[in-house]
Amino acid sequence: MPGKDFLALMLKAGFHRVALVRYTGFKSSPYTEGALFYGEKLAAGQARDDLASQTEPAPTPPKEAACEPGGT
Amino acid sequence: MSEEMTEPEICQVRQGIRQKYDRVAAAGAGGCFQYPTGKAGMDLQGYPPEVIGDFPPEVLATFCGVGNPFSLGPLNPGEAVLDIGCGAGVDSLVAGHLVGAGGRVVGLDVTPAMIERARAHQARLGLANVTFQVGEAEALPFPDHDFDAVISNGVFNLTLNKEKALKETHRVLKPGGRLLLADMVLMAALPPDRAGRVENWFQ
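So the protein lines, in turn, are chains X and L.
When we follow my numbering, the leftmost residue of the first sequence carries the number 1, and every step to the right adds one.
When we follow my numbering, the leftmost residue of the second sequence carries the number 73, and every step to the right adds one.
Worth flagging that the hints you see were computed from the coordinates, not collected in a lab.
Since we're looking at a predicted model, the values are computed, not measured.
Heads up, the beta-carbon is just placed ideally off N, CA and C, and yes, glycines get one too.
Take these hints with a grain of salt, some might be off.
Stated by the list, open to error - Now the in silico label distances, taken between C-beta atoms and shown as ranges: (1) Met1/X to Arg243/L: 15 to 25 angstroms; (2) Pro30/X to Asn148/L: 33 to 43 angstroms; (3) Pro129/L to Arg48/X: 37 to 47 angstroms; (4) Gln46/X to Ala192/L: 40 to 50 angstroms; (5) Gln205/L to Ala44/X: 34 to 44 angstroms; (6) Pro213/L to Gln46/X: 19 to 29 angstroms; (7) Arg48/X to Gly174/L: 23 to 33 angstroms; (8) Ala8/X to Val123/L: 32 to 42 angstroms; (9) Asp5/X to Arg90/L: 37 to 47 angstroms; (10) Ser143/L to Met1/X: 14 to 24 angstroms; (11) Lys4/X to Gly248/L: 22 to 32 angstroms; (12) Asn148/L to Leu11/X: 20 to 30 angstroms; (13) Ala47/X to Pro128/L: 26 to 36 angstroms.
Generate coordinates for the entire structure from the input sequences, incorporating the hints supplied.
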């Protein structure tokens with residue numbers, strides 16, 4: 001699932017202040033990369049903040065952390 | 073994609089996930105993933121050395137997370153934390169250190185072999201505030217408003233009903249609770265053939 005779709009699901013589930021904070025550089029396939037998401041459950045009396053950072057960060061450039069396929 | 077999958081494909085995904093993580097539970101994460109695992113992976117993701125420095129090598133060797141959820145914000149002393157898809161328990165044990173003796177951490181995983189391994193790691197480290205149990209992200213066995221924070225690392229992408237898993241996560245969080253999540257996301261279109269799409273689910 002693309003990150004923006006996952007963020008939409010987080011909002012639908014009731015979270016606010018959702019964000020795809022950054023990519024991790026770890027790739028499990030040619031199609032997928034690790035990403036870090038944050039979200040909060042509304043506190044009592046708190047207003048929703050759906051306009052918090054929902055924009056996606058730039059993909060992580062290739063680096064040593066990403067192994068060749070078949071590696072560990 | 074789950075709506076598009078046939079029942080045999082869903083079974084294939086579940087069986088593939090179970091077999092893969094049974095192998096990890098038995099032999100560690102090395103060679104099972106296309107990214108760095110074990111201590112090397114934790115170091116690259118910036119896990120706190122003052123915490124994992126106390127962990128035995130055989131515990132660190134089972135780490136197969138895709139990122140560092142602890143980098144998203146602090147876990148505070150005394151807090152209650154749920155680790156969804158805890159695997160062999162490395163992140164749960166890190167959380168146990170961070171919340172201290174006055175806090176509690178529950179690690180949840182669908183693979184019984186992983187829970188056995190996690191309990192062995194917990195016993196080895198003697199962290200009495202960390203427990204483990206078998207369970208699914210889509211049906212969390214906890215009451216409403218039970219946790220201050222939920223962490224998860226490389227798990228939601230494996231669930232067949234992500235919306236349900238997220239709603240369950242939201243349900244068990246206390247008001248004001250935080251979700252600190254590392255997960256795999258799609259960066260490019262999946263292969264057009266259905267077999268490739270199914271296999272990619274548990275790579």
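Q. Given a hinted range of 23 to 33 angstroms, is it respected by the beta-carbon distance of arginine 48/X and glycine 174/L?
A. holds, 32 angstroms
Q. How does the Cβ-Cβ distance of proline 30/X and asparagine 148/L compare with 33 to 43 angstroms: does it lie in that range?
A. With Cβ atoms ~39 angstroms apart, the hint holds.
Q. Is it true that asparagine 148/L and leucine 11/X lie within 20 to 30 angstroms of each other by Cβ?
A. About 26 angstroms separates the Cβ atoms of asparagine 148/L and leucine 11/X, which means 20 to 30 angstroms holds.
Q: Take the C-beta atom of serine 143/L and the C-beta atom of methionine 1/X, compute their distance, and say whether it sits inside 14 to 24 angstroms.
A: For serine 143/L and methionine 1/X the Cβ distance comes to about 22 angstroms; the hint holds.
Q) Do the Cβ positions of proline 129/L and arginine 48/X conform to the proposed distance bound of 37 to 47 angstroms? A) holds, 45 angstroms
Q: Just tell me: holds or violated, for the beta carbon distance of aspartate 5/X and arginine 90/L against 37 to 47 angstroms?
A: At 26 angstroms between Cβs, range violated.
Q. Do the Cβ positions of lysine 4/X and glycine 248/L conform to the proposed distance bound of 22 to 32 angstroms?
A. Given a distance of about 25 angstroms, which is inside 22 to 32 angstroms, the answer is holds.
Q. Taking 19 to 29 angstroms as the hint, is the beta-carbon distance of proline 213/L and glutamine 46/X inside that range?
A. holds, 28 angstroms
Q) If you check the beta carbons of methionine 1/X and arginine 243/L, does the distance land in 15 to 25 angstroms? A) holds, 21 angstroms
Q | Hint check for alanine 44/X and glutamine 205/L - Cβ pair distance inside 34 to 44 angstroms | A | violated, 29 angstroms
Q) In this structure, is the beta-carbon distance linking alanine 47/X and proline 128/L contained in 26 to 36 angstroms? A) violated, 47 angstroms
Q: Starting from the hint 32 to 42 angstroms, judge whether the C-beta atoms of alanine 8/X and valine 123/L obey it.
A: The hint (32 to 42 angstroms, Cβ to Cβ) holds, given that alanine 8/X and valine 123/L are roughly 34 angstroms apart.
The structure is inconsistent with the numbered hints 5, 9, 13, although it conforms to all the rest.
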